[in-house]
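> Each chain, written out:
Number of protein chains: 2
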Amino acid sequence: MSLPASVRIVEMGPRDGLQNEKRLVPTDTKVELVRRLEGAGLKAIETTSFVSPKWVPQMGDNSEVLSRVLAQAAAGVAYPVLTPNLKGFEAALAAGATEVAVFGAASESFSQKNINCSIAESLERFRPLTEAAQAAGVKVRGYVSCVVGCPYEGAVAPQKVAEVAATLLEMGCYEVSLGDTIGVGNPASISRMLEAVMKRVPVARVAGHYHDTYGMAVANVFASLQMGVAVFDAAVGGLGGCPYAAGASGNLATEDLVWMLDGLGMATGVELDALVDVAAWISAELGRDPASRVARAVLAKRAQRATTPAQQ
Amino acid sequence: MSLPASVRIVEMGPRDGLQNEKRLVPTDTKVELVRRLEGAGLKAIETTSFVSPKWVPQMGDNSEVLSRVLAQAAAGVAYPVLTPNLKGFEAALAAGATEVAVFGAASESFSQKNINCSIAESLERFRPLTEAAQAAGVKVRGYVSCVVGCPYEGAVAPQKVAEVAATLLEMGCYEVSLGDTIGVGNPASISRMLEAVMKRVPVARVAGHYHDTYGMAVANVFASLQMGVAVFDAAVGGLGGCPYAAGASGNLATEDLVWMLDGLGMATGVELDALVDVAAWISAELGRDPASRVARAVLAKRAQRATTPAQQ
Numbered sequence: 001m002s003l004p005a006s007v008r009i010v011e012m013g014p015r016d017g018l019q020n021e022k023r024l025v026p027t028d029t030k031v032e033l034v035r036r037l038e039g040a041g042l043k044a045i046e047t048t049s050f051v052s053p054k055w056v057p058q059m060g061d062n063s064e065v066l067s068r069v070l071a072q073a074a075a076g077v078a079y080p081v082l083t084p085n086l087k088g089f090e091a092a093l094a095a096g097a098t099e100v101a102v103f104g105a106a107s108e109s110f111s112q113k114n115i116n117c118s119i120a121e122s123l124e125r126f127r128p129l130t131e132a133a134q135a136a137g138v139k140v141r142g143y144v145s146c147v148v149g150c151p152y153e154g155a156v157a158p159q160k161v162a163e164v165a166a167t168l169l170e171m172g173c174y175e176v177s178l179g180d181t182i183g184v185g186n187p188a189s190i191s192r193m194l195e196a197v198m199k200r201v202p203v204a205r206v207a208g209h210y211h212d213t214y215g216m217a218v219a220n221v222f223a224s225l226q227m228g229v230a231v232f233d234a235a236v237g238g239l240g241g242c243p244y245a246a247g248a249s250g251n252l253a254t255e256d257l258v259w260m261l262d263g264l265g266m267a268t269g270v271e272l273d274a275l276v277d278v279a280a281w282i283s284a285e286l287g288r289d290p291a292s293r294v295a296r297a298v299l300a301k302r303a304q305r306a307t308t309p310a311q312q
Numbered sequence: 001m002s003l004p005a006s007v008r009i010v011e012m013g014p015r016d017g018l019q020n021e022k023r024l025v026p027t028d029t030k031v032e033l034v035r036r037l038e039g040a041g042l043k044a045i046e047t048t049s050f051v052s053p054k055w056v057p058q059m060g061d062n063s064e065v066l067s068r069v070l071a072q073a074a075a076g077v078a079y080p081v082l083t084p085n086l087k088g089f090e091a092a093l094a095a096g097a098t099e100v101a102v103f104g105a106a107s108e109s110f111s112q113k114n115i116n117c118s119i120a121e122s123l124e125r126f127r128p129l130t131e132a133a134q135a136a137g138v139k140v141r142g143y144v145s146c147v148v149g150c151p152y153e154g155a156v157a158p159q160k161v162a163e164v165a166a167t168l169l170e171m172g173c174y175e176v177s178l179g180d181t182i183g184v185g186n187p188a189s190i191s192r193m194l195e196a197v198m199k200r201v202p203v204a205r206v207a208g209h210y211h212d213t214y215g216m217a218v219a220n221v222f223a224s225l226q227m228g229v230a231v232f233d234a235a236v237g238g239l240g241g242c243p244y245a246a247g248a249s250g251n252l253a254t255e256d257l258v259w260m261l262d263g264l265g266m267a268t269g270v271e272l273d274a275l276v277d278v279a280a281w282i283s284a285e286l287g288r289d290p291a292s293r294v295a296r297a298v299l300a301k302r303a304q305r306a307t308t309p310a311q312q
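Sequences listed follow chains Z and E, in order. So the first sequence is numbered by UniProt numbering: it starts at 1 and just counts up by one. So the second sequence is numbered by UniProt numbering: it starts at 1 and just counts up by one.
The hints are simulated quantities; they were obtained by calculation from the structure and are not laboratory data. Certain hints may be false.
[Claimed, not checked] Here are the simulated PhoX-like pairs of lysine-lysine, each with C-alpha atoms no more than 25 Å apart in a straight line:
hint, chain 1, residue 1, chain 2, residue 2
1, E, Lys301, Z, Lys113
2, Z, Lys301, E, Lys301
3, E, Lys301, Z, Lys22
4, Z, Lys22, Z, Lys113
5, Z, Lys113, E, Lys113
6, Z, Lys113, Z, Lys160
Construct the complete structure from the given sequences, taking the supplied hints into account.
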């Protein structure tokens with residue numbers, strides 16, 4: 001088995017996670033979440049989204065969150081923010097952003113339903129943004145959503161994903177994160193998709209962003225590692241849930257990812273026990289138990305140890 | 001990717017699942033669970049355990065459950081029962097058993113703590129049982145527990161697993177099921193363990209029995225499929241939890257396994273929607289939600305469809 005020696009994790013909790021939370025999270029809690037994630041060793045933390053507060057009230061404090069986070073930025077940590085358009089980019093830049101992220105769907109129906117334009121149109125709209133970013137020396141990461149399945153049209157063609165990924169790189173993105181937005185991918189469909197993408201895009205520019213809706217995220221990460229992918233997105237505590245099926249799981253939990261990578265002997269820089277502390281803390285702030293199996297198992301073992309010290 | 005074309009699933013819910021449930025499950029419910037699992041297409045259902053009711057009160061109705069199940073046995077379905085000793089085997093035989101299962105640990109400490117004897121002694125104790133089974137024309141399946149880690153001694157040597165597996169086959173078991181009892185395996189440690197076992201045992205005699213305590217079970221199944229393993233144990237609804245960490249996950253949920261195998265294009269004979277119905281039913285009988293991500297996602301989607309029929 002030839003697998004990457006180290007993996008870069010891009011933490012999605014503060015943005016992709018909290019964005020889907022119904023309960024409005026206080027700004028202090030958001031900033032504290034980023035601080036605690038840094039403390040656990042994460043080196044890339046997507047911090048907020050510069051989307052209109054009319055559409056996503058949860059992210060209405062984006063400028064304040066980013067300014068406060070950047071005012072005490074940790075050395076060597078990136079704080080990308082999502083910028084859906086030029087206006088958002090300009091606001092992010094004003095708040096001090098040095099890295100942003102843009103997104104395109106690999107499904108025409110998803111693009112139409114979500115942003116009311118075709119995939120091609122949506123990518124063209126990003127061109128002035130990526131040009132402005134380049135001029136300002138701001139790094140741009142690209143997301144492709146619905147890379148194996150779409151809630152409206154079902155299966156998505158791997159060639160379409162490859163095309164959108166290649167376009168995002170051509171526009172100046174340094175990396176494309178391939179999102180299984182509704183979590184329907186399995187190791188076979190993810191591998192087929194990656195094969196198509198890797199015909200157009202170097203594997204070093206590819207990240208996997210897999211949702212755990214059907215419990216397949218770690219298996220999909222493992223299949224991707226076998227193909228050389230070495231960057232993965234995840235959200236502490238599995239924050240966010242699935243916006244397409246209430247009650248189902250969403251983002252892969254960062255602690256589940258780290259647990260597997262630790263086991264595979266890959267360096268991540270993240271300290272699992274500290275990360276589980278963050279998962280327990282933010283879950284408590286949101287009034288629930290952590291969604292991840294690793295957090296639940298580690299916390300259960302700690303509770304056991306606390307009651308039976310002699311056995312350990 | 002060369003993977004097996006079909007997979008045999010051995011359902012653990014009625015035995016390994018319910019055995020760990022604190023709430024005493026009525027005999028009628030147990031029999032009904034087996035019936036419903038047959039209805040979903042399962043062809044091997046471990047039905048009960050002929051262990052002393054003093055140790056496992058939950059299985060105190062073993063003879064009645066097995067007799068009633070066998071009185072209306074479905075064609076082509078196997079109903080193995082766990083028989084920890086000759087006395088249990090004789091009771092199982094009296095109730096009509098045509099297949100039984102025995103177990104050995106790959107960890108000396110686990111063997112000592114659980115059955116108060118060495119691994120070698122425990123296997124020798126099974127010899128009269130396997131001889132009696134052969135004489136009676138009863139098939140015997142073997143389990144090895146703690147195949148990657150032990151709650152008392154940590155990591156377990158792959159060679160030890162291979163040795164116990166080979167001994168069980170030599171004693172007449174038709175198959176050995178390799179159990180990651182505390183769910184600490186990952187695709188790398190599971191692969192190393194399988195490599196060692198497959199030096200002594202043909203892959204066609206090997207089954208994987210992976211617990212989902214740290215969310216790795218499907219990834220471990222995927223790694224095992226890549227090595228040619230084509231038999232897996234699982235429990236509907238993830239029944240049973242983890243006896244070594246209260247609140248953590250235990251058995252891999254059968255619906256999570258089937259969902260992945262369906263996605264990989266492998267035949268299982270199991271109908272996913274019907275299986276999710278069984279998971280929902282037995283979880284409701286036990287007074288909780290199904291533990292599996294697939295059951296939760298499928299049920300969430302059904303609920304969504306019921307409220308927004310036009311969108312589908």
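> Checked against the structure, which of the hints given earlier come out wrong?
2, 5
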